[in-house]
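Protein chains in written order, with this note's numbering: chain G, 1 to 111; chain Z, 1001 to 1111.
One or more hints might be untrue.
What the hints assert, rightly or not - Calculated pairs, DSS-like style, for lysine-lysine (alpha carbon to alpha carbon, straight line, at most 30 Å): (1) G:K9 x Z:K1042; (2) G:K57 x Z:K1042; (3) G:K57 x G:K44; (4) Z:K1042 x Z:K1110; (5) Z:K1079 x Z:K1045; (6) G:K57 x Z:K1045; (7) Z:K1045 x G:K9; (8) Z:K1042 x G:K44; (9) G:K9 x G:K44; (10) Z:K1045 x G:K44; (11) G:K14 x Z:K1042; (12) Z:K1079 x Z:K1042; (13) Z:K1002 x G:K44; (14) Z:K1002 x G:K57; (15) Z:K1042 x Z:K1002.
Treat the hints as calculated values from the structure; they're not laboratory data.
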Amino acid sequence: NAGVTQTPKFRILKIGQSMTLQCTQDMNHNYMYWYRQDPGMGLKLIYYSVGAGITDKGEVPNGYNVSRSTTEDFPLRLELAAPSQTSVYFCASSGVAETQYFGPGTRLLVL
Amino acid sequence: RKEVEQDPGPFNVPEGATVAFNCTYSNSASQSFFWYRQDCRKEPKLLMSVYSSGNEDGRFTAQLNRASQYISLLIRDSKLSDSATYLCVVPYGYNNNDMRFGAGTRLTVKP
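Here chain G stands alone, though its shape is the one from the complex (with noise of 0.2 Å):
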């Protein structure tokens, strides 16, 4: 079973550049949402989705965008990286129940 799949692992980023983090899941949720962890914190939301076509903005979502055009994709763009965007980024999905089902992560470093 997939659930909640993340690409890539692992990234290192120069500053200013642009990269979409993948985010796919196999459960026909409708919920979608994406984190970023600091060392030491909590998640923060960055961005979510209640559905294909429709997306909102979390409590942190300045640097990021995100789209929404299947219900098994929920991308994340990061168009001019900076070092606060370093970071370990999750994704997650959720049907009725409010559980969320997380993806395993990406590791991304901005140099």
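Given chain G, work out where chain Z should sit, using these hints.
Below, chain Z without anything else, positioned relative to chain G:
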């Protein structure tokens, strides 16, 4: 009061001990609450949901005190495998999709 606040620990306990963590929250309108477990460098996984006054699952008991706005997690007969960081999660927003995570409480169970 912070949105979600946890005692960071670390809690170092011997096998077989009983240990309790507290989590306070600021949103009095929140109806459901969650405890997630996160192993080192891994994704969070749901441990327990709390929708009313409490929930019990084997050695784990979660209790909710709405008047004082805190949730507790009690672990009885601690096992080495219980060593992890425990995250308290409280939904915010009108549709409960904006999940706010505490910074986590780190537990180490020693032989």
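To see whether the hints hold, each was checked on the structure:
1. G:K9 x Z:K1042: 12 Å, holds
2. G:K57 x Z:K1042: 25 Å, holds
3. G:K57 x G:K44: 11 Å, holds
4. Z:K1042 x Z:K1110: Given that 30 Å is the threshold and the Cα spacing comes to 21 Å, the pair holds.
5. Z:K1079 x Z:K1045: The hint holds at about 18 Å.
6. G:K57 x Z:K1045: 23 Å, holds
7. Z:K1045 x G:K9: The hint holds at about 18 Å.
8. Z:K1042 x G:K44: 16 Å, holds
9. G:K9 x G:K44: 19 Å, holds
10. Z:K1045 x G:K44: 16 Å, holds
11. G:K14 x Z:K1042: OK: G:K14 and Z:K1042 at ~25 Å, within 30 Å.
12. Z:K1079 x Z:K1042: Answer holds: Z:K1079 to Z:K1042 is near 19 Å, not above 30 Å.
13. Z:K1002 x G:K44: 14 Å, holds
14. Z:K1002 x G:K57: With a Cα-Cα distance of about 20 Å, the restraint between Z:K1002 and G:K57 holds, given a limit of 30 Å.
15. Z:K1042 x Z:K1002: 26 Å, holds
Violated hints are absent here; each numbered hint is respected by the structure.
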